[in-house]
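Protein chains: 2
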Amino acid sequence: MNKEDIDYSLYLVTDRRNKTTEEFLKIIEESIQGGVTVVQLREKDTPTKEFYQIAIKLKEITQKYKIPLIINDRIDIALAIECEGVHLGQDDMPAEIARKILGKDKLIGVSAHNIEEAKKAVLDGADYIGSGAVFPTSTKNDASDVPIEKLKDITNSINIPTVAIGGIKSENIKQLENTNISGISVVSAIMESENPIKASEKLKSIYNSIEL
Amino acid sequence: MNKEDIDYSLYLVTDRRNKTTEEFLKIIEESIQGGVTVVQLREKDTPTKEFYQIAIKLKEITQKYKIPLIINDRIDIALAIECEGVHLGQDDMPAEIARKILGKDKLIGVSAHNIEEAKKAVLDGADYIGSGAVFPTSTKNDASDVPIEKLKDITNSINIPTVAIGGIKSENIKQLENTNISGISVVSAIMESENPIKASEKLKSIYNSIEL
Numbered sequence: 127m128n129k130e131d132i133d134y135s136l137y138l139v140t141d142r143r144n145k146t147t148e149e150f151l152k153i154i155e156e157s158i159q160g161g162v163t164v165v166q167l168r169e170k171d172t173p174t175k176e177f178y179q180i181a182i183k184l185k186e187i188t189q190k191y192k193i194p195l196i197i198n199d200r201i202d203i204a205l206a207i208e209c210e211g212v213h214l215g216q217d218d219m220p221a222e223i224a225r226k227i228l229g230k231d232k233l234i235g236v237s238a239h240n241i242e243e244a245k246k247a248v249l250d251g252a253d254y255i256g257s258g259a260v261f262p263t264s265t266k267n268d269a270s271d272v273p274i275e276k277l278k279d280i281t282n283s284i285n286i287p288t289v290a291i292g293g294i295k296s297e298n299i300k301q302l303e304n305t306n307i308s309g310i311s312v313v314s315a316i317m318e319s320e321n322p323i324k325a326s327e328k329l330k331s332i333y334n335s336i337e338l
Numbered sequence: 127m128n129k130e131d132i133d134y135s136l137y138l139v140t141d142r143r144n145k146t147t148e149e150f151l152k153i154i155e156e157s158i159q160g161g162v163t164v165v166q167l168r169e170k171d172t173p174t175k176e177f178y179q180i181a182i183k184l185k186e187i188t189q190k191y192k193i194p195l196i197i198n199d200r201i202d203i204a205l206a207i208e209c210e211g212v213h214l215g216q217d218d219m220p221a222e223i224a225r226k227i228l229g230k231d232k233l234i235g236v237s238a239h240n241i242e243e244a245k246k247a248v249l250d251g252a253d254y255i256g257s258g259a260v261f262p263t264s265t266k267n268d269a270s271d272v273p274i275e276k277l278k279d280i281t282n283s284i285n286i287p288t289v290a291i292g293g294i295k296s297e298n299i300k301q302l303e304n305t306n307i308s309g310i311s312v313v314s315a316i317m318e319s320e321n322p323i324k325a326s327e328k329l330k331s332i333y334n335s336i337e338l
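The listed protein sequences derive, respectively, from chains Y and V. Going by this note's numbering, the first sequence opens with residue 127, and the numbers climb by one from there. Going by this note's numbering, the second sequence opens with residue 127, and the numbers climb by one from there.
Rather than coming from a laboratory, the hints here were simulated on the basis of the structure. Treat each hint with caution, since some may be false.
One copy or two, either will do: identical chains are not told apart, so a pair holds if it fits within one copy or between any two.
Said to hold, decoys possible - Listed below are the simulated SDA-like cross-link pairs for lysine to any residue, each with C-alpha atoms no more than 25 Å apart in a straight line:
| hint | residue 1 | residue 2 |
| --- | --- | --- |
| 1 | 170 | 198 |
| 2 | 226 | 181 |
| 3 | 175 | 225 |
| 4 | 276 | 296 |
| 5 | 129 | 227 |
| 6 | 246 | 176 |
| 7 | 226 | 330 |
| 8 | 152 | 239 |
| 9 | 175 | 286 |
| 10 | 226 | 169 |
| 11 | 246 | 180 |
| 12 | 185 | 147 |
| 13 | 170 | 222 |
| 14 | 192 | 142 |
| 15 | 129 | 285 |
| 16 | 145 | 314 |
| 17 | 246 | 181 |
Use the sequences and the hints to build the structure in full.
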């Protein structure tokens, strides 16, 4: 993986709730077939061994399609499965410590809700930031709001890619025009869709049609 | 730290509940002054950043007294603070993967509740096992029971140190005579004591007086 070549355009954050492992893995595989370019495995309150086991299975799929697999929060899991990187929230491991542990080749993403957090992420060695929630969302209640104007301020303040996240769906992607983002990140728009292939295709097609 | 020289005789597992950070750190320091030889930081449901921050503070104390600090479950925290090792339950990272990540010099302990788990831990590269609950306990409800006879069978089946855990207090240490253990591990007997120095001194004195 060359970090500079990563395509962030359709970045899926997983949500395994209310799904069997088989159903979960099928959604991920179909979403990649539909156009997802990065997968972030996000688990909360999952015991380490179970987290490791689901991550190993997910990596088989992302490897098959040659797309990056990112682990939310847990550097130990990323090291254990030797995947492409981690994504760190503001309550997770400080990015500068994560960089020391992971070395320069691993991908580190950081959630940033304002210019200060975004600039600090760059200084700490982040490769990209995730910023949001850009729209109202029910998936992640602790996300600070980042309205479109604020998102523009953030992307304009840093020189690494920004992925917009939070409540993004086909109907509102157009509002992200001219925000200088490098991709959109979704959870429920794919995880809760009846047809993950079509849902991903539609999201990607609309994203590709807007001015960035 | 030379792994072969570690003194497991009085092994404290922390419980930070209902304590301020200051109170918590004071108990740990006093317990070491009273005779604790190993400290395991055990957190559950603590966000990574907070876990990291408390671990950094705890390491300052264990370094001052030159005793090993072990992190329960989280290899990422152990790497971040560069402490002596990790302790892994059966639902945590498989020990063989932990060994790959941590290298040969770090200490890895594994919880084992029967001969099979104990032997597997040895094969996976564990340096010691923790076995219990040897007595009834309220701290860790998911612990399987390891009565004295079973504990003997376990210690006799492996060639690495065994630390007995679970409900151990001054009053019942004598029941652990002739079990071939290398130490006793306590939580509440120290964490909930009114005088951690005296509590530790008493536990250690009784432990040192029994035949092993």
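**Request:** Enumerate the violated hints, using their earlier numbering and listing them in ascending order.
**Result:** 7 and 8
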